[in-house]
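Using the hints, position chains B, C and D against chain A.
In order, the protein sequence lines correspond to chains A, B, C and D.
Going by my numbering, the final residue of the first sequence carries number 945, and the count climbs one at a time with no gaps.
Going by my numbering, the final residue of the second sequence carries number 945, and the count climbs one at a time with no gaps.
Going by my numbering, the final residue of the third sequence carries number 945, and the count climbs one at a time with no gaps.
Going by my numbering, the final residue of the fourth sequence carries number 945, and the count climbs one at a time with no gaps.
It is worth saying that the hints were derived from the structure and are not from the lab.
Watch out, some of these pointers could steer you wrong.
One copy or two, either will do: identical chains are not told apart, so a pair holds if it fits within one copy or between any two.
To be verified - 35 Å max Cα-Cα, derived DSBU-like pairs, lysine-lysine:
id, residue 1, residue 2
1, K677, K602
2, K763, K874
3, K707, K572
4, K763, K602
5, K874, K598
6, K869, K677
7, K677, K707
8, K572, K869
9, K869, K785
10, K598, K572
This is what each chain is made of:
There are 4 protein chains.
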Amino acid sequence: MHAQNPVFIPGPTNMPDTIRKACDVATLDHRSPAFAAMFRPAVAGVKRVLKMDAGEVFLLPATGTGGWEAAITNTLSPGDTVLAARFGMFSQRWIDLCQRHGLTVEILETPWGQGMPLDRIEAALKADTDGRIKAVLATHNETATGVRSDIGGLRKAMDRAGHGALLFVDGVSSIASMPFDFTAWGVDIAVTGSQKGFMLPAGLAILGVSDKALAAMDSATLPRTYFDLRDQQKGYAAGGYPYTPPVGLIAGLARSIELLEDEGLDAVFARHHRLAEGVRRAVAAWGLEICAASPALASDTVTAVVAPAGFDGTEVVKLAAEKYHVAFGVGLGAVAGKVFRIGHLGMLSDVMVLSGLATAEMVMADLGWPVRLGSGVAAAQEYFRGTVRLAAAA
Amino acid sequence: MHAQNPVFIPGPTNMPDTIRKACDVATLDHRSPAFAAMFRPAVAGVKRVLKMDAGEVFLLPATGTGGWEAAITNTLSPGDTVLAARFGMFSQRWIDLCQRHGLTVEILETPWGQGMPLDRIEAALKADTDGRIKAVLATHNETATGVRSDIGGLRKAMDRAGHGALLFVDGVSSIASMPFDFTAWGVDIAVTGSQKGFMLPAGLAILGVSDKALAAMDSATLPRTYFDLRDQQKGYAAGGYPYTPPVGLIAGLARSIELLEDEGLDAVFARHHRLAEGVRRAVAAWGLEICAASPALASDTVTAVVAPAGFDGTEVVKLAAEKYHVAFGVGLGAVAGKVFRIGHLGMLSDVMVLSGLATAEMVMADLGWPVRLGSGVAAAQEYFRGTVRLAAAA
Amino acid sequence: MHAQNPVFIPGPTNMPDTIRKACDVATLDHRSPAFAAMFRPAVAGVKRVLKMDAGEVFLLPATGTGGWEAAITNTLSPGDTVLAARFGMFSQRWIDLCQRHGLTVEILETPWGQGMPLDRIEAALKADTDGRIKAVLATHNETATGVRSDIGGLRKAMDRAGHGALLFVDGVSSIASMPFDFTAWGVDIAVTGSQKGFMLPAGLAILGVSDKALAAMDSATLPRTYFDLRDQQKGYAAGGYPYTPPVGLIAGLARSIELLEDEGLDAVFARHHRLAEGVRRAVAAWGLEICAASPALASDTVTAVVAPAGFDGTEVVKLAAEKYHVAFGVGLGAVAGKVFRIGHLGMLSDVMVLSGLATAEMVMADLGWPVRLGSGVAAAQEYFRGTVRLAAAA
Amino acid sequence: MHAQNPVFIPGPTNMPDTIRKACDVATLDHRSPAFAAMFRPAVAGVKRVLKMDAGEVFLLPATGTGGWEAAITNTLSPGDTVLAARFGMFSQRWIDLCQRHGLTVEILETPWGQGMPLDRIEAALKADTDGRIKAVLATHNETATGVRSDIGGLRKAMDRAGHGALLFVDGVSSIASMPFDFTAWGVDIAVTGSQKGFMLPAGLAILGVSDKALAAMDSATLPRTYFDLRDQQKGYAAGGYPYTPPVGLIAGLARSIELLEDEGLDAVFARHHRLAEGVRRAVAAWGLEICAASPALASDTVTAVVAPAGFDGTEVVKLAAEKYHVAFGVGLGAVAGKVFRIGHLGMLSDVMVLSGLATAEMVMADLGWPVRLGSGVAAAQEYFRGTVRLAAAA
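Isolated chain A (complex conformation) (with noise of 0.2 Å):
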């Protein structure tokens, strides 16, 4: 009977009911006009999620890793150099994947708790004086860190560095939880899953597109059939799929952008910002950090708690669930064991955080870290009853 306790792990999220029940579509013709009706508005809403005032959305059925294979391979070809700053689990998987795929990686090692290093960014692109870097991999959130970087910001040091490298970025803990800006910042290609801001099940790999990167297509080699983004073109056209879509995936992102843009998405992401505020202010009164270097990077989706020295945060994760039922996330890569991470991102209200918050104060108590029964509740309390608007229950 425990089965209805939140999840705050930085994705999946909890999904609304309505979002659930929209996945969950009878059998209908995906060649029928019936088909196009559904597919064309989740389009169109991801491209107003995104901030997109050109290029084209492809919705795929993959997870976010297939989306950064496609973003890849339609627009690279075998030996083309990329860049890329290495400090979190994400960043390093895309980079692992580029090189898979026989791109060369210029790779910035950057601290983990960092977020993406500018500076040196600019830099390798002002001396790149040949063109050999063809795109810049930025993850936006790190989702093993909690870190948030500034892809604004890189769009202007690449400005400065006069380079023409095409941006991708990863956004797939970011995307409808976080401002994001397609066309503002000069994103190429933007990365994002169903399952995390989007709210749905796993399964959709959610791309945004410039024209300037559907125009490299044509010359790009390495080779793909399931992510060629062309054969999807061409069935977009027709308002279908090359394949067999995942039909249910698909109304259920139209059903989410309802949601998003009926709350807002400007009240989505400071409702989020709130959440992850409240998190914060409860590490704090643990007397604990996070593992975002300043307050600047620090996510609004999912916060790295750093565990004291002499305790390891994956027991926290272990013992929540064996004895709470409760799912928090794990250390990866280099901050194994060093943290335990609190996605909050999603479908998720300041009362269940505050579940969350008193969670994982019982399995800390539990496992002896000095922390005090209540106290990060009571800061979080103190912060949420403070910043809710009064608004007539929906």
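Frame of chain A, contents of chains B, C and D only:
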């Protein structure tokens, strides 16, 4: 994005997904063997939950109020006398129902916050030397005050009085969440509703009826058709109903019983006791009182928290709904404004309770009640930490 | 793998997915504005479907039988006389209910297969010079025989008799599938259930009550509590219920009305007429008769097919269920064995009807009935082909 | 009100309610034991359905096309040669995929309507004395033409040729609806998708991979990350995935296998054969031909009906959708316009098939095809009547 906050009303309760899905049945022929195959296990399961070893269970398309009416109209005749204590809104409503149907109700006025006055009942029965009193009405769990009565003790009192009255028990907010023993307690009719301990939507009145009560049906002359249990009996014998049954609720009831028995009824009762005790520790830590006049009377399914002098409990409920989208119960009748109620029956976990307590704290602080943020949560956390049995996540 | 065959019982009907989902509501506080926001549109929608311009609609957690009981007990007193024709199982059941509640029923025995005998009713009313008759009970659509009665004509007959009796109409198997005009027909109480034209699960009795009938409530002395419409009225005024309402069914009813009005009520009625006519053409092609004594009496929601001499209609129903997993309706009461019934109300398409006809043909052939395979299907196909309006797939 | 008409496209198929519900899973932690407990039975079940006694099953968040790509990229290297027959749209697409990934495809052009040319394959393998051919691609069931190929015979031909090529089988529209024997046929990779015989939504590519094929992974140098089965293997060993798995589809797959095994795989295959034979009898009664060149080639999951001279099969599909809201499949590629296709795989009953046949008849009549209404239905009815085994309704 607050739709998934738990509710803390004393019913309807939070519902497990699996029960909601079980209730959602495609249309089938309710005169077919397929329906009988669904219906019979539900009836048999209710017998086990009530601990009946004889008699019959009836599942009526109605609410608990309909169950009360069925109990009365099937066993009594105009002018008959019943004995009842009035000590809360629900005992009051049952009395009112009897009066509307032309029964004489001998009422034992009892302070709200007390349980059934066993000694006065015994005395009244002893005084009834000519057997005027045909039935004793007992409210097992007064939902309005969070008070449980001692039905086993009531049976002993009736036995001591040597009185042959029928014993009718309103177990609407107790059955399937608190111990109930139809056989040992010599209950003649037990009434509950689907939306409480069985964690279903409202719409099913559930009655356990003893052979003695069944035998009373033929001489009872109160008019009834919809609730006529003789028609039901005839239908059940053929695996069906005298009218169209609520197939989904019956399927859901069968699923509910599976869940309850998978957890184990004793474990279910222990869970509710633990959750209730956590709530009571929180109330004590807030420096507040509960409505139940003594610890032994405190219900394990709902706690009525008494507002401090000068404060209005109803305001807590209103503000919690408006500001935090969390539902508590208002005070009813004689305790309107004097209490607010925290329901903790049905599908609920310790983690969910903590979110309710945290919310109540915020609201009380918002309203200027002398309650320290985190205090009740900490008391409940401390209690919950020590009382959970470590088990593998289900 | 046959679970998705349509049902052809005369209710409960096949249900649209969207209605099933609307019924599946997470628990909400039924005393909150959120419930009122769900409840009021359902009530207003029923008024539109019934074509009421005054009076009140009540949604009771019960079935149609409960609706009948509510109609009687809220307006009449013990010993009152009502006038009714008996011409099928459902008119018989309503008569029986009245008798059990101590009313005197003046019964006009009428052959099964006929409709209400308007001339005899007029005569009976004219003969009732001292106003003994308080109400006329009318079965709009006799589900047992597939016969519709002329309620507009009945109103004229009552007017010609100059009699002030209330007019109570059982519209259980007609409302929302066949034309109904509460206002023009001067109906005082109309009763239906959720599981018929509204395509919901069973569990909601739906009543339209005129101001004249409402005014009768205060003097009516038949006992009632669960069905007391005065309590309902008080609750509705506050946006709520005197007890826990069936929230899911009410939400589903609101959705049902959206579907009906999106299609257009006249289009819904035309659809049922077309489907019924297809069934009747098939029956004629089989060389069989229907129970309705004349074409004008033939119901658009259910067709009772008369078994040829020497054959048993019930066998069709049994074999269809066992061999093909398709549900038809058996004959009831006076026509038990003499007919089998094909329900065609609620959510149904021409294509679904064809599968029912094809199944009935196989079964009749299996049983040795003199029916040629494909003959009824072909007749219905021919009719359906010519009567569909070409429209874009929804 | 036509949303519940069955679909007759050759996938996605009609879905049982219970599978749809199983797919609708509240968010859980996919790194938890709860996920492993859901995942392992699904993998084990697929092995039983494929009749694998060694090797590994992979469940990729993709469609069948992704499964093809995974088969190729995990076992082959740029420049490798594969042998394939081209005799329909799906064999063509797989060939195209290989070519895009830099493989050399030795193509055996084969008339559409024929199956795989075993003798020519044998000859080609015998001629490949230097072992250039690394894999033979076999399309078990050509969905475009409704033709099944003899995979057991293909294995024998390969054995006679004494050639060690890998055997890759596209079983997308056969597996779980038609007999398949991974072990006996010596299959190295079998590919299917969730939306066909498994009756799930699209979104899961399902691969059975032999130990021999697994051994080929390390030397294969085609680039892949998303589809890299080595990453999957590592994840599976820990009960998880290299990225977020589609939890709902995996839960649904486990439920699907329960349904298939409850019915019995042989009974499932027999059911599809019976339904297919009913369709073929109807086509014959219409006086039309099917695309499959001989009875032995006729698929049990999809029938391509050849349009008479002067008529366009695509018009049938268009008009059926517009006028009757029923989905059939158009002809693709070389048979575009020349056929229309009736899918009869997945969840389907004889009664549902009859509604499809009746609809096709109406449409053909509407379009002036020389087809008599009811003729095909009657032929199918006659066949279905004689071949159903009388069983109690489930």
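Cross-check of the supplied hints:
1. K677 <-> K602: Only inside one copy: K677 and K602 sit 29 Å apart there, 59 Å across copies, limit 35 Å.
2. K763 <-> K874: neither (52 Å within a copy, 44 Å between copies)
3. K707 <-> K572: Neither, since 42 Å and 49 Å both go past 35 Å.
4. K763 <-> K602: within (16 Å within a copy, 49 Å between copies)
5. K874 <-> K598: between (43 Å within a copy, 32 Å between copies)
6. K869 <-> K677: neither (47 Å within a copy, 58 Å between copies)
7. K677 <-> K707: Answer is within; shortest intra-copy Cα gap is 13 Å, inter-copy 63 Å.
8. K572 <-> K869: Close inside one copy (31 Å) and across copies (29 Å); limit 35 Å.
9. K869 <-> K785: Answer is between; shortest inter-copy Cα gap is 21 Å, intra-copy 47 Å.
10. K598 <-> K572: Both: 23 Å inside a copy, 29 Å across copies.
Comparing the model with each earlier hint shows violations of hints 2, 3 and 6; every other hint is respected.
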